[in-house]
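With chain A held as given, fit chain B onto it using these hints.
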Amino acid sequence: MIALEKIERRYLSEEVETTALADIDLTVAKGEFLAIMGPSGCGKSTLLNLLGTIDRPTAGRYLFDAADLAGLQEKALAKFRAAMLGFVFQSFNLIDELTIAENIALALTYRRDVTGKKERVAAAMDTVGIAHRARHFPHQLSGGQQQRAAIARAIVGDPKLILADEPTGNLDTANGEQVMNILAALNEAGSTIVMVTHSPSHADRALRRIDMLDGRIVASAARAI
Amino acid sequence: MNRLAFLSLYRSFARQRAVTALNILGLAVGVAVFLVLALYVRFETSFERWLPDHEQVYVVQTVWDTPGSPHNGPYNDTMGGLLDQLRQDFPGTIGTRILGGENGGIVRQGQVSVTDDVAMVDARFPALFDLPMVRGAVAGVLDQPDAVLISRAAARRYFGSGDPIGQMLTISVFAAQNYRVAGVFEDLPANSDLKLSLLIRLPGDIGRTNPNWYHWGSTSLPTFLRFPSRAAARDYAAALPAFVDRRGRADLGDGASDMVALALLPLTDLHLQPEGSASASARLTLIALGLVGLLTLLIALVNYVNLATARASLRAREVAMRKVLGADRAAIIKQFLGEAVLTVALATLAGLILAELGLPLINAASGLALTIPYAIIAPALVGLIGVTGLLAGSYPALLLSGYRPAAVLASSRAPGGGRAGARIREGLVVFQFALVIALLIGTTVLVSQTRHMRSADVGFQREGLLTVLSTRDSLVAPAQKRAFMARLRALPSVRAAAFANSTVGGSGERNADTVALPGVPGSGPSLVWESVGPDFFTVYGTRLLAGRVFDSARAGDDGTNRAPDATINIVINRQAVRRLGFATARDAVGKTIGGARPLTIIGVVDDMRFYSPREPLEPTYYRYAADPAELLTTVASVRFSGDPRAALRSISDLWQSIVPQVPFDAQTADARLTEFYRADDRATRLFAIGAGLAVLIGCVGLWGLASFNTARRVKEIGIRKSLGASSGDVVTLLIGQFLRPVLLANLIAWPLAYLVLRTWLAGFSDRIALSPLYFLGGSLLAIAIAVLTVLGQSLRASRTTPAWALRHD
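Each protein sequence line maps, in turn, to chains A and B.
All residue numbers in the first sequence are consecutive under my numbering, ending with 225.
All residue numbers in the second sequence are consecutive under my numbering, ending with 1034.
Do not rely on the hints blindly, as some may be mistaken.
As the list claims (entries may be wrong) - Computed list of chain B residues with no C-beta within reach of chain A, every gap over 12 Å:
hint: 1; residue: H440
hint: 2; residue: D470
hint: 3; residue: T493
hint: 4; residue: R540
hint: 5; residue: E581
hint: 6; residue: Q962
Claimed, not checked - 27 Å max Cα-Cα, derived DSSO-like pairs, lysine-lysine:
hint: 7; chain 1: A; residue 1: K118; chain 2: A; residue 2: K75
hint: 8; chain 1: A; residue 1: K118; chain 2: B; residue 2: K420
hint: 9; chain 1: A; residue 1: K30; chain 2: A; residue 2: K79
hint: 10; chain 1: A; residue 1: K79; chain 2: A; residue 2: K6
hint: 11; chain 1: A; residue 1: K117; chain 2: A; residue 2: K75
hint: 12; chain 1: B; residue 1: K559; chain 2: A; residue 2: K79
hint: 13; chain 1: A; residue 1: K160; chain 2: A; residue 2: K117
hint: 14; chain 1: A; residue 1: K75; chain 2: A; residue 2: K6
hint: 15; chain 1: A; residue 1: K30; chain 2: A; residue 2: K75
hint: 16; chain 1: A; residue 1: K117; chain 2: B; residue 2: K559
hint: 17; chain 1: A; residue 1: K6; chain 2: A; residue 2: K30
hint: 18; chain 1: B; residue 1: K559; chain 2: A; residue 2: K75
What the hints assert, rightly or not - Here are some chain A residues pointing at chain B (derived, C-beta under 8 Å):
hint: 19; residue: L72
hint: 20; residue: E74
hint: 21; residue: N93
hint: 22; residue: E102
Calculated from the structure, these hints are not laboratory results.
From a predicted model like this one, the values you see are computed outputs, not experimental measurements.
Even glycine gets a Cβ: it sits at the ideal position worked out from N, Cα and C.
Chain A with its partners taken away, still in its complex shape (with noise of 0.2 Å):
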């Protein structure tokens, strides 16, 4: 589904250049959780942004289902993102303002392919669970169900590929658990989800994982099942 060939990126700050990312070969299969391991600053959250298309590679191929997605406008990768993806972030990223419901439904306001919206976003927040939060704020949920709210924005859409940033970073053990077991059960059910994690036993519940450093890949491994 993912092919990512040679890819680079490079930032220019106030004439001092850094990399980012160098020489990342990397292909994700439809059905697949890989799992992206390694020390702080060593370009995952940097890889998974590329993959989210909310950042461009300065060098390589991204190909998405076949297609060059180097050469598409921001307009038209806004339009891949509210298709294509889900994201799940460490700190959760919703709006305060709206709430629960409204931002799982706030996915979907992108989207004028899709119907049926409310019963949608039922289902999402049945499927992780939030469904009695639905009329309730941000702020006024732990951190276990903020990140399951924002777990069900990232699946309302349907989308083809999941993209999570240390989904339980900020979350105690418990609810770490609990929000691996949502991933692991969307994966089962068919999603194909890439994952940033420090934690090793977050990353063995994913069916490969790599390891980076110093923004190249090291190691890649698939799980024995």
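Quick look at chain B alone, frame taken from chain A:
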């Protein structure tokens, strides 16, 4: 805006009530000030536009250009018979003239006589002034010598609810005559300088009975002409110099048009082009007020943009998340423009309410009767909302939509727009405070000038002085004037009284004459001359600079009924000493000037300012009339003691007992002078209100920005304090951050204020000096306001404990 964006905005408002209220209220006040001042500007520029075909009507101006004359410049009156000569020389001329108008005649009904706005007009008057009729028809009425058209208010005044048509009124202009009411016209609107309550026909023989009717150089009434097009008016005006040369030769000599020109002024320009130097100031004052309105709105908009961009950074994560979820840049721009338009709409509605609530106060303060014409204002406000919303929302929208979601979501801190954002915000604060400081300086200067006008030395004691104008009425016989003066002087409250053809506020007559100087070729400089009776200088308490004033015991002082070549004793004022070329007042005394009409200067008095402080003091000579009751225009000036109302009452009773047929008309000197200050007072009050509110809006903006910046710097404050900074250091840091743009603002404000105020003050003959203290004062005030605005927050921030602050994001 979709439902979720709207909900998000609504809840953001609800969550940050204080900031939202400040943002909306600031903008609302800006809109209200703009609205009120726009109404005022609209009112002032709408004079006579209510008249059908107003754009075709022109006023004929007499433009004097005599070397050295104090009376040079355009006058909106012409010689009475000008229209007759124009008709003869330019067949097809459509014109009319209005003799009288405000307080133009006396109306007697039964035993009661009142002064009213009686105007004598030509039969062609309706061809130019198509007054809307309430009863009767105007056609042919003004051909009848005994018909009168009256206004609706006059009909109510004289006949109550009864039918006025066919009723009789006795009207006196030159002599009492009975008139039959033939029609009633609608009252003229407030935006009209025409003061017409009763219209009667101009006597056909007035050219024979009035010696000045065809005298070139006299100005006795306004003449109006109508042209089908601007080009026709231009062609007509081009032919006027030759007409003046031809017709004015008899009175003005060869080359009359070099001395007197006739110009055509569109009727709608008349209100903003009054005679004399007040003309430029009237327009400038109006432009200044319009600018205050615009600038206040601009300050409010800058506020909104500043606060919106500052707050926008707090919503960076929301924007980033929306982008992650698939929103493109256009959707974000649309959302934030929608929010801005909605906010501006709310603020405009609040501004409209504020304006509606504030108008009675503004009207009371400015003596106006402004109302909001919703049919015109509503579409204008919709346009304003659209334009203002787009202007105010475009920067935050562009800024926010430009955020890169990956960078925003990776950062632990909301972006503030970076260094560029901070610079733009600081630039906007500089711009905003430049306007605020300029307005503060402007207000201080305006108020000082207005106070100066009221308290300046006018050359006479203005308290305890009143003017009786009734004596100038042609219906008052000289014997009645003499009797009135004799008994007036005997009243216990009267300390002195005098007749003259001049008085504070003017008598309605102003004369000027050229005075030849010995040994100097030419007709000499032009001086105003005034005839004064016994005790005139005593009544005014005029300061004697040299020589002596007139003495009734010296028969030689009387300047009336002298042979044309006989020497006349005169007293001159300080301005005349300069104009006549004498080094000092003492040098002038005893000198004879005037050539063939010799005038001997017996004394020099100080200048007396009888007119507007905008008008220059005129070089004047006074001649003595031992029996001033015989003068054409005689007004009485009275020095009294005690309560002015009691003095007026006793003099009124005396008048009624001697001249019952003419209404008593008198005013204190203070009241007459106040008339000259009224327009400037009104403009100053409006300016001060507008400027005060603009300052308030500026403070609201600064407070909001300070609040935002202080909140963003909590962690920095914690770090600084942990490194040893005291609370005082933190306060200095935070206040200093806002003082820099305020100080920079002076660089723009000072030259701006200087240029505008110098131009405005140039319109006053008697004016204050544009001292640097006004500029320093305005700046210090602005700095004090800015410091006070941010002090509370700075103190609060300085007291935060470092441990808590360091955990703050």
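Each hint tested on the structure:
| no. | hint | in the structure |
| --- | --- | --- |
| 1 | H440 | holds, 81 Å |
| 2 | D470 | holds, 76 Å |
| 3 | T493 | holds, 53 Å |
| 4 | R540 | violated, 9 Å |
| 5 | E581 | holds, 32 Å |
| 6 | Q962 | holds, 24 Å |
| 7 | K118(A) <-> K75(A) | holds, 26 Å |
| 8 | K118(A) <-> K420(B) | violated, 71 Å |
| 9 | K30(A) <-> K79(A) | holds, 20 Å |
| 10 | K79(A) <-> K6(A) | holds, 25 Å |
| 11 | K117(A) <-> K75(A) | holds, 23 Å |
| 12 | K559(B) <-> K79(A) | holds, 16 Å |
| 13 | K160(A) <-> K117(A) | holds, 18 Å |
| 14 | K75(A) <-> K6(A) | holds, 25 Å |
| 15 | K30(A) <-> K75(A) | holds, 25 Å |
| 16 | K117(A) <-> K559(B) | holds, 22 Å |
| 17 | K6(A) <-> K30(A) | holds, 21 Å |
| 18 | K559(B) <-> K75(A) | holds, 14 Å |
| 19 | L72 | violated, 11 Å |
| 20 | E74 | holds, 6 Å |
| 21 | N93 | holds, 5 Å |
| 22 | E102 | holds, 6 Å |
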